[in-house]
Amino acid sequence: WRYYTFTFKTEDDTAQLDVVKQNGHLMKSVSIVLDQKEKFNRENACEVLNILSNLGNQRVSILILKFVGENPLFFSGIEFVKALKSFFSAKNQDDDTGSLLEVDVGCLWVDLDKEFLEILSSHHKNLESLNIQTEIMISKVHPAYIMNLLDNCKRLKNLSLFYINLSDEVLEKLVEEGRDPFDHLSIKCRHQDNYSNIISKSSWKTLTEKWPNLKVEIIFDPNFSQDKFSQILCPEIPVNDVNLEMYSDVSKELNFIAENYPRTLENLTVYAEPSKYVEESLMAIARNCQKLSSLYVYCTISEDVTEQILELYPGLRESKQYHFG
Numbered sequence: 003w004r005y006y007t008f009t010f011k012t013e014d015d016t017a018q019l020d021v022v023k024q025n026g027h028l029m030k031s032v033s034i035v036l037d038q039k040e041k042f043n044r045e046n047a048c049e050v051l052n053i054l055s056n057l058g059n060q061r062v063s064i065l066i067l068k069f070v071g072e073n074p075l076f077f078s079g080i081e082f083v084k085a086l087k088s089f090f091s092a093k094n095q096d097d098d099t100g101s102l103l104e105v106d107v108g109c110l111w112v113d114l115d116k117e118f119l120e121i122l123s124s125h126h127k128n129l130e131s132l133n134i135q136t137e138i139m140i141s142k143v144h145p146a147y148i149m150n151l152l153d154n155c156k157r158l159k160n161l162s163l164f165y166i167n168l169s170d171e172v173l174e175k176l177v178e179e180g181r182d183p184f185d186h187l188s189i190k191c192r193h194q195d196n197y198s199n200i201i202s203k204s205s206w207k208t209l210t211e212k213w214p215n216l217k218v219e220i221i222f223d224p225n226f227s228q229d230k231f232s233q234i235l236c237p238e239i240p241v242n243d244v245n246l247e248m249y250s251d252v253s254k255e256l257n258f259i260a261e262n263y264p265r266t267l268e269n270l271t272v273y274a275e276p277s278k279y280v281e282e283s284l285m286a287i288a289r290n291c292q293k294l295s296s297l298y299v300y301c302t303i304s305e306d307v308t309e310q311i312l313e314l315y316p317g318l319r320e321s322k323q324y325h326f327g
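Under this note's numbering, read the sequence shown as residues 3 to 327, first letter to last.
Treat the hints as calculated values from the structure; they're not laboratory data.
Straight-line alpha carbon distances no greater than 27 Å define the calculated DSS-like cross-link-like pairs of lysine-lysine that follow:
no.: 1; residue 1: K278; residue 2: K293
no.: 2; residue 1: K30; residue 2: K84
no.: 3; residue 1: K30; residue 2: K159
no.: 4; residue 1: K175; residue 2: K207
Derived CB-CB ranges, DEER-like:
no.: 5; residue 1: M139; residue 2: E117; range: 19 to 25 Å
no.: 6; residue 1: H193; residue 2: T7; range: 30 to 36 Å
no.: 7; residue 1: Y197; residue 2: D306; range: 40 to 46 Å
no.: 8; residue 1: E305; residue 2: G180; range: 52 to 58 Å
no.: 9; residue 1: N257; residue 2: E309; range: 17 to 23 Å
no.: 10; residue 1: Y249; residue 2: D20; range: 43 to 49 Å
no.: 11; residue 1: I140; residue 2: E305; range: 41 to 47 Å
no.: 12; residue 1: T7; residue 2: K203; range: 41 to 47 Å
no.: 13; residue 1: P214; residue 2: R61; range: 30 to 36 Å
no.: 14; residue 1: E179; residue 2: T271; range: 32 to 38 Å
no.: 15; residue 1: S124; residue 2: P214; range: 27 to 33 Å
no.: 16; residue 1: N56; residue 2: K156; range: 26 to 32 Å
no.: 17; residue 1: Y249; residue 2: I140; range: 20 to 26 Å
no.: 18; residue 1: D251; residue 2: E117; range: 41 to 47 Å
In this text, all values refer to a predicted model and were calculated from it rather than measured experimentally.
Ideal Cβ positions, reconstructed from N, Cα and C, are used throughout, including at glycine.
Please construct the entire structure, taking both the sequences and the accompanying hints into account.
Shown next, in the form of structure tokens:
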């Protein structure tokens, strides 16, 4: 019972509530997966959180929530935010630092607010990993909220969020004395991020100098403007993982990556329009980025280019960490 996944897709799954009532005090890692379209699934998922909140001796350290269905009309997920806030602030948690080490709400269609982060960070100061890359179209998480989170959670080492949630001041917080090493930053860029302030190169340089082992993941969704690509990215960012979900000609972007991240890029995923320019750019990536360990290309490319890449990286074929087409 230490690692348990609750799955709510039918009314019959309500029986799983008995599991948490009887064994919730044994659970360390809790995942809740649900089809949020049906009301009974939403109620059951929230009830799991409510039951855990009321247990006198629960010590959940990992909490993951995931929506896998379609949203009902006018759905905002308010009930989940409320249930999570209650869970974070439950009296059964350790008084000083709380028990949560990892929270992942990245696959929820919910609107997070200032209070959500304040309650989480003030009650769980040993938090090490947080994913707030939710599916909501507009993020209302101001960089100031992230700064407060970092003030409270000095051990945080893995953070996933949107570019608009970041600022130079946030990066300055990450290099303050007294913090544990910061290892991983995942940044997603969407339509909203087209209008965000650009983080300075000097802030990225300072962050990298402070944490030389930092790895940064960048995700670009189809609504992000390609004109902003080279403004947001800069050579000072230790980019390890790039996901280009642009479904367009991304040859310019691929050339930028090949030129600026030859020593750091390990994972690349591309959704693009097929063209000889994209193929040429992929070859530039293959020649320059010698740490490449996974390559997923979702557009048609020639068999010749495919074979050339796999000859340069036989490890891809062996590990099966690749896709072309």
